[in-house]
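2 protein chains.
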Amino acid sequence: MKKNLKLGLFGFGCVGQGLYHVLHETKGLKAEIKKICVKTKNKERPLDQSIFTFDKNEVLLDPEIDVVVELIDDPAAAFEIVKTSLQNGKAVVTANKRMLAENLEEIYQLQQKYGKPVLYEGSVCGSIPIIRNLEEYYDNDLIKSVEGIFNGSTNYILTKVIEERKSYVDALKQAQDLGFAESDPSLDVKAFDPKFKLTILIAHTFGVFVKPENIINFGIDRISSVDLKYAKDHGLGIKLVARAFKSGEKIYGLVAPQFIESTHPLASVRNEFNAVTVEGAFAEKQLFVGKGAGSYPTGSAVLSDISALTYDYRYEYKKLHQDNHLTFSNDATAEVVVSFSGPVKISIADFEKFKGGFQGNGQQNMQGIVELEKIREWSQQDGINVILAPGASIEPRTPVEKQALAFA
Amino acid sequence: MKKNLKLGLFGFGCVGQGLYHVLHETKGLKAEIKKICVKTKNKERPLDQSIFTFDKNEVLLDPEIDVVVELIDDPAAAFEIVKTSLQNGKAVVTANKRMLAENLEEIYQLQQKYGKPVLYEGSVCGSIPIIRNLEEYYDNDLIKSVEGIFNGSTNYILTKVIEERKSYVDALKQAQDLGFAESDPSLDVKAFDPKFKLTILIAHTFGVFVKPENIINFGIDRISSVDLKYAKDHGLGIKLVARAFKSGEKIYGLVAPQFIESTHPLASVRNEFNAVTVEGAFAEKQLFVGKGAGSYPTGSAVLSDISALTYDYRYEYKKLHQDNHLTFSNDATAEVVVSFSGPVKISIADFEKFKGGFQGNGQQNMQGIVELEKIREWSQQDGINVILAPGASIEPRTPVEKQALAFA
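So the sequence lines, in the order shown, correspond to chains A and B. The first sequence begins at 1 in our numbering and counts up by one. The second sequence begins at 1 in our numbering and counts up by one.
Chain A extracted, bound-state conformation:
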């Protein structure tokens, strides 16, 4: 039996406004917005003032409100809203990926403690229903990997830079003008945003909570002319790929740009679109493609979560309860193309296996196999860009191989 839900909103930006609009267009959904808590006073708003409040307690302490929909930017304030809502017996819908990624284990425990659900489909890949599918549909499948393009803003930029030969600066500005970029573009272009999403998916795919800082991320903001030349010479594209997979009892993960051949399934995912590939033992590869940036795709996911609450849906975090001993590891290697210029010192000794290089116009690149930790090291030094080689995958180093290396 469906419930009639009363909602309290925090934030009334694009997503909130779209949500308000669609709630009135949707016949099947029994939910109404009772109160909207906003920060800025004296701002023109398209609704009657009586629905707005500037006091969070008018939402959090209202016993009539069943569901708090949190749509603000600030992760710390958002986490407080989530905690207080659960303590006060309210369900929560949020799309705040950073807040979720940084606090996911605690949010899981708070849900157990207070018996109220937190749903967050809108936090990962916009309108693609990936969390729900991982929770519900793939819970019996032995999933090997999830990977894809998790950030619409950078995919838009890369499409313009690679396919339309725009400059990075112009492409970024265009993405911002279209409302695809987050309030702080560095979270996108330095690949923190897709890393937060990967963190969330790792919990729902493998039942492992990993802190975002443990996952290595490399952005797209250092792609140089020598990289673009490499792409052009080899007929390749560049995509910012987030991936995680299971090998033995370890989970490996990385977010980094990669040179992609035109036949790769992700090559045709352009502009603000996102894509997720789920590889199962039995279902094989499944690809989901949908818009990943903009207020409507996120609003659609938020709306689906609200709808799910009308029939008491909650994430069961089923893989957490399966008797596994999985842990996250960075003890692996990958083949990369490193480009740099000026006084940066990178030598063949940095590589596990060096494959070749190129030098010209004051810029260099070197290609070979490196440890993942080397990619992290380079991400913290200016002037170095890293792109995974075409076809490269993360290769776990087993203890046996390490032994062999120690005596080599």
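The hints are simulated quantities; they were obtained by calculation from the structure and are not laboratory data. Among the hints, erroneous ones may be present.
You can't tell identical chains apart in this list, so a pair holds if it fits in one copy or across any two.
As a list, the in silico DSBU-like pairs of lysine-lysine whose alpha-carbon atoms are at most 30 Å apart [to be verified]:
1) K113 - K160
2) K173 - K3
3) K3 - K285
4) K144 - K250
5) K285 - K144
6) K285 - K190
7) K116 - K211
8) K229 - K41
9) K318 - K116
10) K83 - K229
11) K6 - K374
12) K39 - K229
13) K30 - K285
14) K250 - K43
With chain A fixed as given, assemble chain B onto it according to the hints.
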């Protein structure tokens, strides 16, 4: 709380065997096969004989069996199994799309009457979780359309014929050798199989039960050299596209081959892969891609249904309960390329609007806009092939336009 399920199987072909195998590999799933009812005696089988029976009542009347998994070919016998199982208080999992499409309204009513669910994710697009997503995730979204490639066998054949220049006969044989074709290939190549799937999706997308015979289907078995030349000359592919959409209070649907430009989202869906695009008012277009033929993708979907039954999942057919007055209609037009040879008489008068034609080597084609009923008429005459023109869509004819035509 998860239940321990006891299963009774009907049929033990590839899907059943794969299912048996994976049930033993999956930690999280609490389900065991108690009995398997098979038809052929004296056949070598990979399990101990004690699990098999030739008497359907040993499954249907066993009070310990909670779930009947129906995996046989014969639609009439399958429907009897479904009915008797529900009457005896058992849930049912089936992948028999023909049986479902032909009896869906009655199966819906039987579920209401006996209070037990029938799940059938495996019946549509193999491993793609499309029914579950339409039921759960898109229930609040105003869906405009579903379309895609719903048949892996014909997509495999078309890929070989168009991209690898194989003959139709060779490509069909190859598909059969790989186990992609159904026991009766005419259901695939004449586009009945994707029509059954479209029938099922129309119920879950729009809440409308339509009889499969009301939907017009045109197959790929009459594609001629003049069609292949047309494709080559224009740089086009051919895909067998199933589609349904809402316009006003009407639902329109059609399954027919279409010339597809290389930039079309379905162009990159090759071989035995299936794809479904769902267009919502709010989520915009979502694309799902996965393997659509072979025992493993179907087995994966069957397994997910069994898993869902451990937590009492059932389809709610939510759109049926929304207050809509939608009905199915074929009163629409589409632009087609018709090819034919010999004594077949097609004239410009058959078209609502004639656009042009080509003649050579005893074969002809004509291009223009026709009524959907004309496509049905041609499907019943030998020697005529119909392919939707590139970019063509189904255009509903409003009563107003009809009025105008009557006086034209």
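Against the structure, the hints:
1. Taking the shortest Cα distances, K113 and K160 never come within 30 Å of each other, neither inside one copy (47 Å) nor across copies (57 Å).
2. Proximity of K173 and K3 under a CA criterion of 30 Å is satisfied in neither setting, with 44 Å inside one chain copy and 54 Å between copies.
3. For the homomeric pair K3 and K285, the shortest alpha-carbon distance between copies (29 Å) is at most 30 Å, but the shortest distance inside one copy (37 Å) is not.
4. In this assembly of identical chains, K144 and K250 lie within 30 Å of each other by CA distance solely inside one copy; the values are 11 Å within and 43 Å between copies.
5. Within a single copy, K285 and K144 get their C-alpha atoms as close as 10 Å, and across copies as close as 27 Å, so both meet the 30 Å cut-off.
6. For the identical chains of this complex, K285 and K190 are neighbours both inside a copy (28 Å) and across copies (28 Å), given an alpha-carbon limit of 30 Å.
7. Taking the shortest alpha-carbon separations for K116 and K211, only the intra-copy value of 24 Å comes in at or below 30 Å, while the best inter-copy value is 43 Å.
8. When the C-alpha separation of K229 and K41 is checked against a cutoff of 30 Å, the pair qualifies neither within a copy, at 51 Å, nor between copies, at 66 Å.
9. Taking the shortest alpha-carbon separations for K318 and K116, both the intra-copy value of 17 Å and the inter-copy value of 24 Å come in at or below 30 Å.
10. For the homomeric pair K83 and K229, neither the shortest alpha-carbon distance inside one copy (50 Å) nor that between copies (65 Å) is at most 30 Å.
11. For the homomeric pair K6 and K374, neither the shortest alpha-carbon distance inside one copy (51 Å) nor that between copies (52 Å) is at most 30 Å.
12. For a Cα distance limit of 30 Å, the shortest separation of K39 from K229 qualifies neither inside one copy, at 47 Å, nor across copies, at 64 Å.
13. Proximity of K30 to K285 under the C-alpha cut-off of 30 Å is restricted to the inter-copy arrangement: shortest distance 25 Å between copies versus 36 Å within a copy.
14. Neither within a single protomer nor between protomers do K250 and K43 lie at most 30 Å apart by alpha-carbon distance, with minima of 51 Å and 43 Å respectively.
Going down the numbered hints, you'll see the structure goes against 1, 2, 8, 10, 11, 12, 14, while the others check out.
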